[in-house]
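Q: Using the hints, put the two standalone chains together into the complex.
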Amino acid sequence: MKKLDINQEALELMQKHAEATYPNECVGFFYGKEDDTIRFIEQAVEVPNSKEGDQRRRFEVHPKDYMKAERYALENDTTLLGVYHSHPEHPAIPSEHDLKVAQPFFSYIIVSVKGGKSVRVRSWQLNETNVFEEEIIG
Amino acid sequence: MAKIIIPTPLRKFTQNQASFEGNGSTVGATIENLTETYPDIKQHLLDENGKLRNFVRVYIGDEDIKALQNEATEVKDDSVISIVPAIAGGSL
Ligand SMILES: [Zn+2]
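One line per chain: the protein sequences are P and H, in this order. Under our numbering, the first residue of the first sequence carries the number 39, and numbering increases by one thereafter. Under our numbering, the first residue of the second sequence carries the number 102, and numbering increases by one thereafter.
Looking at chain H on its own, in the form it has when it is part of the complex (with noise of 0.2 Å):
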């Protein structure tokens, strides 16, 4: 089981859990387990095919998923995976 810990900003779809221990051998599987159980959330996660939205970034412990094998990724019963949100804007 990984433990996914949840953006604050998407709290409120897991009933204010900050974090989620998840089934799965991949990153993609371990979402995957977190979006069946809180259906709301993921909307805010994966794109209408099933893809990691663009501004979302996730990480395993202090490394990105895009310099691994991205949702392919394997995860072991004491990985942390981090969903990040893009935080990011301008005046224009």
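The following block holds chain P by itself, in its conformation from the complex (with noise of 0.2 Å):
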């Protein structure tokens, strides 16, 4: 797995949105470049929940957004790398639930919220077999 560098404007977007939306989950994209070892995240961007019903541990991306999301790296010579979303009153660790729908090549960021305080933020991304590895922040 390759180490993630994230931009500090793009991290403090992710765990504000993640406290704004607290106690139902948050999700949004992010947008960078990569060389052999690291992830550059430049850009974090707030999507709607489009989950309907509960919020609070189920999150959901129109597919509209999805392809707005893709037309956006296009024309901005940028790489959408990834997808946070946050785990209101659950460790940043992947559900059952994420693993079934996971991408490959995607991070996977998750950021862990207590008590509305954003506490923990980490990586993830699916290796070659299909399971999730953790990606080192720093």
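Keep in mind that a hint or two might mislead.
What the hints assert, rightly or not - Mimicking DSS-like on lysine-lysine, the simulated pairs with C-alpha atoms at most 27 Å apart in a straight line are:
#1 K104/H <-> K152/H
#2 K177/H <-> K102/P
#3 K113/H <-> K40/P
#4 K41/P <-> K113/H
#5 K155/P <-> K177/H
These are calculated hints, taken from the structure and not from any lab test. No experiment lies behind these values; they were computed from the predicted model shown.
A: Structure follows, in structure tokens:
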């Protein structure tokens, strides 16, 4: 797994978004570039959680918002590197449900929120055998 | 030749191509042309019965093919087909 280098502004945006939507889950995309060893996350963008009903344990991105994100990357000569979401009152570890839907290549950043405060940020990526491996942030 | 937009996470199976010009008169045939050209992408798009996987949505322009005729939806030369992976999850 590559290391993740997250721009401070992008990191703060994800943490603040996770706190603002608490006790519901938030979701967003992030963009940047990568070389052989490091993924540089340069920009994070909030996306509406389109999950109908209870959003405390679930998030969903509308397909049209996904297409918009891909278009944005092409137009701005950047790469859609992954998805962030929050785990209110749960650790920053992917759930079974997260695993079932996960795509290859993408980094999945999870922000754990306790009592409305962001307490931990971790990132995960599927390996060749479709198991989540942690990507070290820093 | 309709154009298929390949989502970023699946581009490693298309030699980093962001789009593919495919032959076929329907969405299903055009996607089949894609999976024949790049066999490694197939397991990410189709299930064992050759149907689109649950976690994959396909759009023509701005319309979900589920609201049209699904894989049988006809395509024109200037059609743009988007493959959209489901982005979803949760904490439990
Ligand atoms: Zn989750």
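Q: Failing hints, ascending?
A: 5
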